[in-house]
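Kindly produce the complete structure, drawing on both the sequences and the hints.
Chains as they are written, first to last, in this note's numbering: chain A, 37 to 155; chain B, 299 to 404.
Please note: incorrect hints may appear among the correct ones.
[To be verified] If the Cβ cut is set under 7 angstroms, some of the chain B residues that face chain A in the computed set are: (1) A307; (2) L309; (3) S326; (4) T329; (5) K337; (6) S341; (7) G355; (8) P357; (9) F360; (10) Y385; (11) L392; (12) F395.
Rather than coming from a laboratory, the hints here were simulated on the basis of the structure. Even glycine gets a Cβ: it sits at the ideal position worked out from N, Cα and C.
Residue-level listing of the chains:
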Amino acid sequence: EVQLVESGGGLVQPGRSMKLSCAASGFTFNNYDMAWVCQAPKKGLEWVATISYDGSSTYYRDSVKGRFTISRDNAKSTLYLQMDSLRSEDTATYYCASLNLGEDYFDYWGQGVMVTVSS
Amino acid sequence: DVVLTQSPATLSVTPGERISLSCRASESVDTYLHWYQQKPNESPRLLIKYASQSISGIPSRFSGSGSGTDFTLSINGVELEDLSIYYCQQGNSLHTFGAGTKLELK
Chain A
37 EVQLVESGGG LVQPGRSMKL SCAASGFTFN NYDMAWVCQA PKKGLEWVAT ISYDGSSTYY
97 RDSVKGRFTI SRDNAKSTLY LQMDSLRSED TATYYCASLN LGEDYFDYWG QGVMVTVSS
Chain B
299 DVVLTQSPAT LSVTPGERIS LSCRASESVD TYLHWYQQKP NESPRLLIKY ASQSISGIPS
359 RFSGSGSGTD FTLSINGVEL EDLSIYYCQQ GNSLHTFGAG TKLELK
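Have a look at this one:
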């Protein structure tokens with residue numbers, strides 16, 4: 037059974053940093069591109085970032101470029117999102133999601149982790 | 299950036315009826331358009347890929363159509379368990395989602 041389990045969320049002050057993790061199991065992690073998708077309270081889905089299966093390529097939405105870094109450790113089957121210079125508008129549930137190699141849809145999703153940026 | 303516009307924002311439905319949800323792209327995305335269902339307090343679930351391709355485990359009452367800029371998700375015989383928010387997503391140019399269509403009970 038495919039499982040994606042996020043961790044590392046919580047309350048953080050504006051301007052500070054937070055690192056999210058997503059532990060994957062039940063599929064061949066290094067055969068999948070991976071992504072983070074967020075959802076602000078009562079709002080829709082927003083793509084945040086994508087990393088290629090081998091970590092060689094990364095892509096970001098404009099609003100997080102230079103502040104967020106997506107990375108992965110294929111030996112640990114784990115995806116990360118380092119979030120720096122956090123803003124109140126980054127408050128959201130963050131989902132990790134998988135994209136089968138060469139595909140551009142999100143086939144598996146984690147349960148999500150809440151990040152609240154507030155003083 | 300490709301903008302996806304979904305309509306209507308909310309649709310009131312009666313169980314058993316056939317409904318259609320629209321997703322319009324600001325520029326052509328070919329068939330790189332996918333649909334998701336999100337039930338309250340749950341993660342999204344992939345329903346349809348590449349505009350019209352079915353997904354294993356998804357009921358056959360869900361179907362998709364379209365290409366270029368105009369896409370439709372149809373539910374043939376809405377059931378109570380289908381009351382959710384439906385999102386379209388394009389993958390032709392990075393990724394963007396539409397704002398969603400909420401199905402509610404009439």
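Here is how each hint holds up against the structure:
{"no.": "1", "hint": "A307", "verdict": "violated (11 angstroms)"}
{"no.": "2", "hint": "L309", "verdict": "violated (16 angstroms)"}
{"no.": "3", "hint": "S326", "verdict": "violated (15 angstroms)"}
{"no.": "4", "hint": "T329", "verdict": "violated (11 angstroms)"}
{"no.": "5", "hint": "K337", "verdict": "violated (12 angstroms)"}
{"no.": "6", "hint": "S341", "verdict": "holds (4 angstroms)"}
{"no.": "7", "hint": "G355", "verdict": "violated (11 angstroms)"}
{"no.": "8", "hint": "P357", "verdict": "violated (17 angstroms)"}
{"no.": "9", "hint": "F360", "verdict": "violated (15 angstroms)"}
{"no.": "10", "hint": "Y385", "verdict": "holds (6 angstroms)"}
{"no.": "11", "hint": "L392", "verdict": "holds (6 angstroms)"}
{"no.": "12", "hint": "F395", "verdict": "holds (4 angstroms)"}
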